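Asker: Could you put together the complete structure from these sequences and hints?
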Amino acid sequence: MPVILDPTAELQPISRTLTPVVPEELRSIALVDISKPKGGILLDRVEEGLRSRFEKVKIVRYQKPTFAKPAPQDLRAEIARSSQFVVLALAD
Amino acid sequence: MPLPVFQLEDLEGVAHAFPGDRLTLLCFVKEDCPTCRLILPIIDRWSECFSPQLSVLVIGQSTEGNRRLESRHGVQSAILDDSRLLVSFRNKIDVVPTLILADPVGSGLARVMGFKKEEWQELEGVLSHRISCYASAEVDWPALPELRPGCGSLSSDPEQVRRLEAELDGPRLRSRPIEIGSATDEFEFLFEQGFTDGLPVIPPSPERVHSMLAGTRRQPQDLVAVVPPNMGQATVEKTAINAVMAGCRPEYLPIVIAALEAVCTDEFNIHGVMATTMGASPVLVVNGPIRHRIEMNMKQGALGQGNRPNATIGRALRLVLANVGGARPGGIEQATLSSPLKFTMCFAEWEEMSLWEPLHVERGFSASDSVVTAFGMTSGPTLVVDQTSRTAAQLAGSIGQAADAAFHPRAHGLTDVLLVIPPEHVATLETEGYQKEDLRNRIQEVTAVPLRELQRDSISGVGLDPAEASQLSPERLAARVPKFASPSDIHIVVAGGTAGKFTGIFHGWSAGPRGTQPVSRRIEEV
Numbered sequence: 405m406p407v408i409l410d411p412t413a414e415l416q417p418i419s420r421t422l423t424p425v426v427p428e429e430l431r432s433i434a435l436v437d438i439s440k441p442k443g444g445i446l447l448d449r450v451e452e453g454l455r456s457r458f459e460k461v462k463i464v465r466y467q468k469p470t471f472a473k474p475a476p477q478d479l480r481a482e483i484a485r486s487s488q489f490v491v492l493a494l495a496d
Numbered sequence: 003m004p005l006p007v008f009q010l011e012d013l014e015g016v017a018h019a020f021p022g023d024r025l026t027l028l029c030f031v032k033e034d035c036p037t038c039r040l041i042l043p044i045i046d047r048w049s050e051c052f053s054p055q056l057s058v059l060v061i062g063q064s065t066e067g068n069r070r071l072e073s074r075h076g077v078q079s080a081i082l083d084d085s086r087l088l089v090s091f092r093n094k095i096d097v098v099p100t101l102i103l104a105d106p107v108g109s110g111l112a113r114v115m116g117f118k119k120e121e122w123q124e125l126e127g128v129l130s131h132r133i134s135c136y137a138s139a140e141v142d143w144p145a146l147p148e149l150r151p152g153c154g155s156l157s158s159d160p161e162q163v164r165r166l167e168a169e170l171d172g173p174r175l176r177s178r179p180i181e182i183g184s185a186t187d188e189f190e191f192l193f194e195q196g197f198t199d200g201l202p203v204i205p206p207s208p209e210r211v212h213s214m215l216a217g218t219r220r221q222p223q224d225l226v227a228v229v230p231p232n233m234g235q236a237t238v239e240k241t242a243i244n245a246v247m248a249g250c251r252p253e254y255l256p257i258v259i260a261a262l263e264a265v266c267t268d269e270f271n272i273h274g275v276m277a278t279t280m281g282a283s284p285v286l287v288v289n290g291p292i293r294h295r296i297e298m299n300m301k302q303g304a305l306g307q308g309n310r311p312n313a314t315i316g317r318a319l320r321l322v323l324a325n326v327g328g329a330r331p332g333g334i335e336q337a338t339l340s341s342p343l344k345f346t347m348c349f350a351e352w353e354e355m356s357l358w359e360p361l362h363v364e365r366g367f368s369a370s371d372s373v374v375t376a377f378g379m380t381s382g383p384t385l386v387v388d389q390t391s392r393t394a395a396q397l398a399g400s401i402g403q404a405a406d407a408a409f410h411p412r413a414h415g416l417t418d419v420l421l422v423i424p425p426e427h428v429a430t431l432e433t434e435g436y437q438k439e440d441l442r443n444r445i446q447e448v449t450a451v452p453l454r455e456l457q458r459d460s461i462s463g464v465g466l467d468p469a470e471a472s473q474l475s476p477e478r479l480a481a482r483v484p485k486f487a488s489p490s491d492i493h494i495v496v497a498g499g500t501a502g503k504f505t506g507i508f509h510g511w512s513a514g515p516r517g518t519q520p521v522s523r524r525i526e527e528v
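Protein sequences, first through last, are from chains A and B. Going left to right, the first sequence walks through residues 405 to 496 as the numbering used here numbers them. Going left to right, the second sequence walks through residues 3 to 528 as the numbering used here numbers them.
No lab work stands behind these hints, which were simulated from the structure alone. Predicted model only: the values in this text are computed from it and were never measured. Please note: incorrect hints may appear among the correct ones.
Said to hold, decoys possible - With beta-carbon atoms standing in for the labels, derived distance ranges:
| no. | chain 1 | residue 1 | chain 2 | residue 2 | range |
| --- | --- | --- | --- | --- | --- |
| 1 | B | Arg-92 | A | Pro-469 | 28 to 36 angstroms |
| 2 | A | Gln-416 | B | Arg-74 | 50 to 58 angstroms |
| 3 | A | Gln-488 | B | Thr-186 | 45 to 53 angstroms |
| 4 | B | Gln-307 | A | Asp-478 | 43 to 51 angstroms |
| 5 | A | Leu-430 | B | Arg-454 | 31 to 39 angstroms |
| 6 | B | Asp-371 | A | Gln-416 | 48 to 56 angstroms |
Said to hold, decoys possible - What the simulated footprint calls covered on chain A by chain B, stretch by stretch (three residues with Cβ under 8 angstroms from a Cβ of chain B suffice, anywhere in the stretch; the number is not a length):
| no. | segment |
| --- | --- |
| 7 | 407-413 |
| 8 | 466-473 |
Glycine included, every Cβ here is placed at the ideal spot set by N, Cα and C.
Answerer: This is the structure we're talking about:
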């Protein structure tokens, strides 16, 4: 019986689900601009909408240095530390 | 020198272990060898005469052959089944019959191959002396020929050698073995598993992977790179598996390894290159002595099909990125149109035809180094067809005008280009003694326009936003802006056939620290 060796990294995917939103427990949201043109404008509208619905929630804006590269590790750690939820504004 | 420890079963299924607790004679034979059949009666005589002080283990190389030796040729000694050939291979048996005399702890004392009467009689004398038995074994020596050569051992058959090496290498290889049903077409299976780039791949059997690993001194579990987007660990073994699939020969593997190291750097940013909707991909240029050793094409048709290393090295890199890194179309890879560059693009620079320092020397390596340089490119080669320029300034001007199209003629300062200049255009540039810097400067000169001309207008919406332009001073708007942010964004190599006044241009992606930058790595040859 022919045998081949697995050419992949043999990763075991971890299944994840979205964190449920419980409004009364909502304290912090990160809005991340990935630095594509006009992403900031989109996030401005999103922030307005969130503030009108969740007055006491802390909203923090972040920005990737460049859309072309993954977010730096320090930035990812800071977002994870400071926020319960993250909204990424993609592009254009 | 201790001989390999083993345990084999005879035809009755009885296990025999080596070393035992006494002097042992190992006798490697195969049934279809006339010399083996000639000597087996001698072995039987010795076994009878020198027992029990001497243990005789006859080791046959095929199950069916062993049965025939017993049933047709009346061999009395137990014949052990080495049909997997591992014991023969580990004992380096090239010829059968081979006799090895070993002491009680399994160290070799004597070895004879084939049949040379004098040697065999000497061995009989050694046996008699060792076990202090001077009874005659009653071998009819006068009836035997003086010399009979042996036959080739099955364990030295090249096909078997590859299998055996792989089998013995098994503990070094850690990838999951995948069994393919005997009724299943291997090539179709590989397609179904999503392991290919859309073209058939070579099935990466353990034997082929083992052979591929001979192309590097590095250990199979050495980490070459962590490959985005899945951050998969590309070991030397995983790289070798994908190199097999791409069709590489072992001597290409060091280039694939070096290229993988090059692209998996923050400077090259393979994550962005593979993910972008613009459809970028690595373009590999090889410099140094390895070009000749593996017979890469750097001349006619260098950027096209037909040369194995050119075709398969780039493909191997791409397969590692897909299979280990998970860069697959429709997943993280989001190219709108994509490009044939995504299958493969690798070629060598024709350094000997160049007026200038070769690429790797320009990038700080020694001329005697073998080096691969990776560029993140979105398209190309586009052809600059200039058969009429007769001066270097004219030709460099033509190349500049053509290069202005990269991204868009109004997109200045965003991207880079890789120029591939064939010999006829090199000759034209030579007329005025052009250096690389002269060519770069001329391109910047002819592409430079006042900033105000790069504004969006009714012809095209690409360019400087007029609202932003209105905030700038007249002097700023009048300042001339060249195509490239820096002359160093114009990369230059020489390759191609000797007939044809054309230059090829690869167009880049987002150039610089915020996008991708070329990265070179020295190739570690065996």
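Asker: Quick one: are Gln-307 (chain B) and Asp-478 (chain A) within 43 to 51 angstroms, going by C-beta?
Answerer: Given a distance of about 45 angstroms, which is inside 43 to 51 angstroms, the answer is holds.
Asker: Please count how many residues of the segment 466-473 of chain A have a CB within 8 angstroms of a CB from chain B and say whether that reaches 3.
Answerer: Coverage by chain B holds here, the residue count being 4 at a Cβ distance below 8 angstroms.
Asker: If you check the beta carbons of Asp-371 (chain B) and Gln-416 (chain A), does the distance land in 48 to 56 angstroms?
Answerer: violated, 40 angstroms
Asker: Using the C-beta atoms of Arg-92 (chain B) and Pro-469 (chain A), is the stated range 28 to 36 angstroms upheld?
Answerer: violated, 57 angstroms
Asker: Between the beta carbons of Gln-488 (chain A) and Thr-186 (chain B), is the distance compatible with 45 to 53 angstroms?
Answerer: holds, 49 angstroms
Asker: Taking 50 to 58 angstroms as the stated bounds, is the beta-carbon spacing between Gln-416 (chain A) and Arg-74 (chain B) within them?
Answerer: With Cβ atoms ~55 angstroms apart, the hint holds.
Asker: Can the suggested window of 31 to 39 angstroms be confirmed for the beta-carbon pair Leu-430 (chain A) and Arg-454 (chain B)?
Answerer: Given range 31 to 39 angstroms: violated, Cβ gap about 50 angstroms.
Asker: State whether the coverage of the segment 407-413 of chain A by chain B holds or is violated, taking the criterion as 3 or more residues with Cβ-Cβ distances under 8 angstroms.
Answerer: holds (count 7)
When each numbered hint is compared with the structure, violations occur for hints 1, 5, 6.
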